[in-house]
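K.L.:
Sequence lines, in order, name chains H and C. Per our numbering, the very first residue in the first sequence carries number 3; after that it's consecutive. Per our numbering, the very first residue in the second sequence carries number 3; after that it's consecutive.
Think of the hints as simulated: they come from the structure by calculation, not from any bench. Quick caveat, the model's predicted, so the values are computed rather than measured. Be aware that a few hints might be false.
Since the list gives no way to pick one copy over another, a pair counts as held whenever it fits inside one copy or between any two copies.
Here are the simulated DSSO-like pairs of lysine-lysine, each with C-alpha atoms no more than 27 Å apart in a straight line [claimed, not checked]:
hint : residue 1 : residue 2
1    : K248      : K222
2    : K248      : K176
3    : K151      : K87
4    : K211      : K87
Protein chains: 2
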Amino acid sequence: MRILISNDDGIHAPGIRALHAAIQDLGETHVVAPNVEQSAVGHAITLSNPIKCRPVEVDGNFFGHAVGGTPADSVKLAVEALLPKRPDLVVSGINLGPNAGISVIYSGTVSAATEGMILGIPSMAISLATFTDPIWDTPARVARDLVPKLAQNGLPPDTLLNVNVPNLPFDQIKGYRVTRMGRSRFVEIFHRRTDPRNNVYYWMDGEMKQFGDGEGTDIKALEDGYVSLTPIWFDLTHHAVIQDFKRTWEAPSS
Amino acid sequence: MRILISNDDGIHAPGIRALHAAIQDLGETHVVAPNVEQSAVGHAITLSNPIKCRPVEVDGNFFGHAVGGTPADSVKLAVEALLPKRPDLVVSGINLGPNAGISVIYSGTVSAATEGMILGIPSMAISLATFTDPIWDTPARVARDLVPKLAQNGLPPDTLLNVNVPNLPFDQIKGYRVTRMGRSRFVEIFHRRTDPRNNVYYWMDGEMKQFGDGEGTDIKALEDGYVSLTPIWFDLTHHAVIQDFKRTWEAPSS
Numbered sequence: 003m004r005i006l007i008s009n010d011d012g013i014h015a016p017g018i019r020a021l022h023a024a025i026q027d028l029g030e031t032h033v034v035a036p037n038v039e040q041s042a043v044g045h046a047i048t049l050s051n052p053i054k055c056r057p058v059e060v061d062g063n064f065f066g067h068a069v070g071g072t073p074a075d076s077v078k079l080a081v082e083a084l085l086p087k088r089p090d091l092v093v094s095g096i097n098l099g100p101n102a103g104i105s106v107i108y109s110g111t112v113s114a115a116t117e118g119m120i121l122g123i124p125s126m127a128i129s130l131a132t133f134t135d136p137i138w139d140t141p142a143r144v145a146r147d148l149v150p151k152l153a154q155n156g157l158p159p160d161t162l163l164n165v166n167v168p169n170l171p172f173d174q175i176k177g178y179r180v181t182r183m184g185r186s187r188f189v190e191i192f193h194r195r196t197d198p199r200n201n202v203y204y205w206m207d208g209e210m211k212q213f214g215d216g217e218g219t220d221i222k223a224l225e226d227g228y229v230s231l232t233p234i235w236f237d238l239t240h241h242a243v244i245q246d247f248k249r250t251w252e253a254p255s256s
Numbered sequence: 003m004r005i006l007i008s009n010d011d012g013i014h015a016p017g018i019r020a021l022h023a024a025i026q027d028l029g030e031t032h033v034v035a036p037n038v039e040q041s042a043v044g045h046a047i048t049l050s051n052p053i054k055c056r057p058v059e060v061d062g063n064f065f066g067h068a069v070g071g072t073p074a075d076s077v078k079l080a081v082e083a084l085l086p087k088r089p090d091l092v093v094s095g096i097n098l099g100p101n102a103g104i105s106v107i108y109s110g111t112v113s114a115a116t117e118g119m120i121l122g123i124p125s126m127a128i129s130l131a132t133f134t135d136p137i138w139d140t141p142a143r144v145a146r147d148l149v150p151k152l153a154q155n156g157l158p159p160d161t162l163l164n165v166n167v168p169n170l171p172f173d174q175i176k177g178y179r180v181t182r183m184g185r186s187r188f189v190e191i192f193h194r195r196t197d198p199r200n201n202v203y204y205w206m207d208g209e210m211k212q213f214g215d216g217e218g219t220d221i222k223a224l225e226d227g228y229v230s231l232t233p234i235w236f237d238l239t240h241h242a243v244i245q246d247f248k249r250t251w252e253a254p255s256s
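Hey, can you work out the whole structure from these sequences and the hints?
P.N.:
Spelled out as structure tokens, the structure:
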């Protein structure tokens, strides 16, 4: 089994090191990840600039390739140019911070898995639901448990597995919950400032707001101490409204 | 009616000028857009850097605000900080190049509309399906026709309207088709180079591949000379597979 490991926190982040350590003996692992943090880059790709790529060592041993681009760039480049053969799985993470609720659409971690999925490879994103005092051991053990299941079961076409892990000691995790993406999101506040030459700039800030996330969502599962597993797909069509739309929008203009 | 106009080709691009000219007398319009091209940025936001913002004039008159960030940044900043009141509509475009098939997930143009939608505002992205010899008059007239319909009909919750226009003279357009997102996509090729100091870098290149896009897709509608209208939503959950997933993934590990 050949596993491509990537992330969006960058190749030097503790989360990708923990992931690599946890799953490296499950198969032939390859690490290809951004050279610096790429959080909240969404599903960006680099078309107008060259993409640099250099080997990275850890403790004197080759660890992986650092890519001067986004998570999606890293996975594309790995599969199409760097790896000797096509990987059987793509695993992205472990992200510091949850990728649940609406923030999934901004997530570079999920983006790496999305790119794997687009290339037809079973892909998983894994994130730890905390920004402080991460207990890496827990998502590492979850990844070690899920990777063989992913290899065995595969995934439906056009679907990736988005995994979020509560920041609890492993023995306090209650189990797995298959969930839907919740609706909670950051609500932004902009702080207006002026620089020494009197140019205006803003800092984006904000706070997480709950929007009625109830039973069945990723956010609720995390609150309840479960690992959330959300099937995410890239068909963005709102199929349920197409028939209504035909009546409204295909009618000739008056 | 208050309309926020944005895009991803940047505030100086001909497409946003054509859009502004076409709809400015339909209401109170505000232009807030990236200062430079932001194509293929996906749904990125700027958290770790300040976001600069300056007024832009055209022919000596105030035209809008140029934002040193992404399309999503521009819409967030416009709604939360720059506009005197909340807009009734967000219109993003006119993009040079189609945003159909899988490329929707990389699209900055769609991202601006997604941000409007997340903020609860009826939002539309409009793109012209060509990279050369654009006939701006056609999508401009389409926008002028659709904006009042959008104001009148609104959109279902969490749904935006993704519009693609064939690059044909207006009188050769056959009408509107409500479509689903197709599966065609760029297939990447990476060109490997070395710089004068022998560092490796790559250029991402590729070509559009058709993946069986048949009746009902955005790409087929464009080929047939129709304007495609795709309802896009941001719930990425693959709801249809959740029950199956529960059986597979919630079972205790052996």
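K.L.:
Classify it for me, K248 with K222: is the Cα-Cα distance of at most 27 Å met within a copy, between copies, both or neither?
P.N.:
For K248 and K222, only the inter-copy Cα distance (16 Å) is at most 27 Å; the intra-copy one is 36 Å.
K.L.:
Treating 27 Å as the Cα threshold, decide for K248 and K176: within, between, both or neither.
P.N.:
Classified as between; 15 Å across copies, 46 Å inside a copy.
K.L.:
With identical chains treated as interchangeable, where does the CA-CA distance between K151 and K87 reach 27 Å or less: within a copy, between copies, both, or neither?
P.N.:
within (22 Å within a copy, 51 Å between copies)
K.L.:
Indicate which option fits the pair K211, K87 if close means a Cα-Cα distance not exceeding 27 Å: within, between, both or neither.
P.N.:
between (44 Å within a copy, 22 Å between copies)
Checked against the numbered hints listed earlier, the structure breaks none of them; every hint is satisfied.
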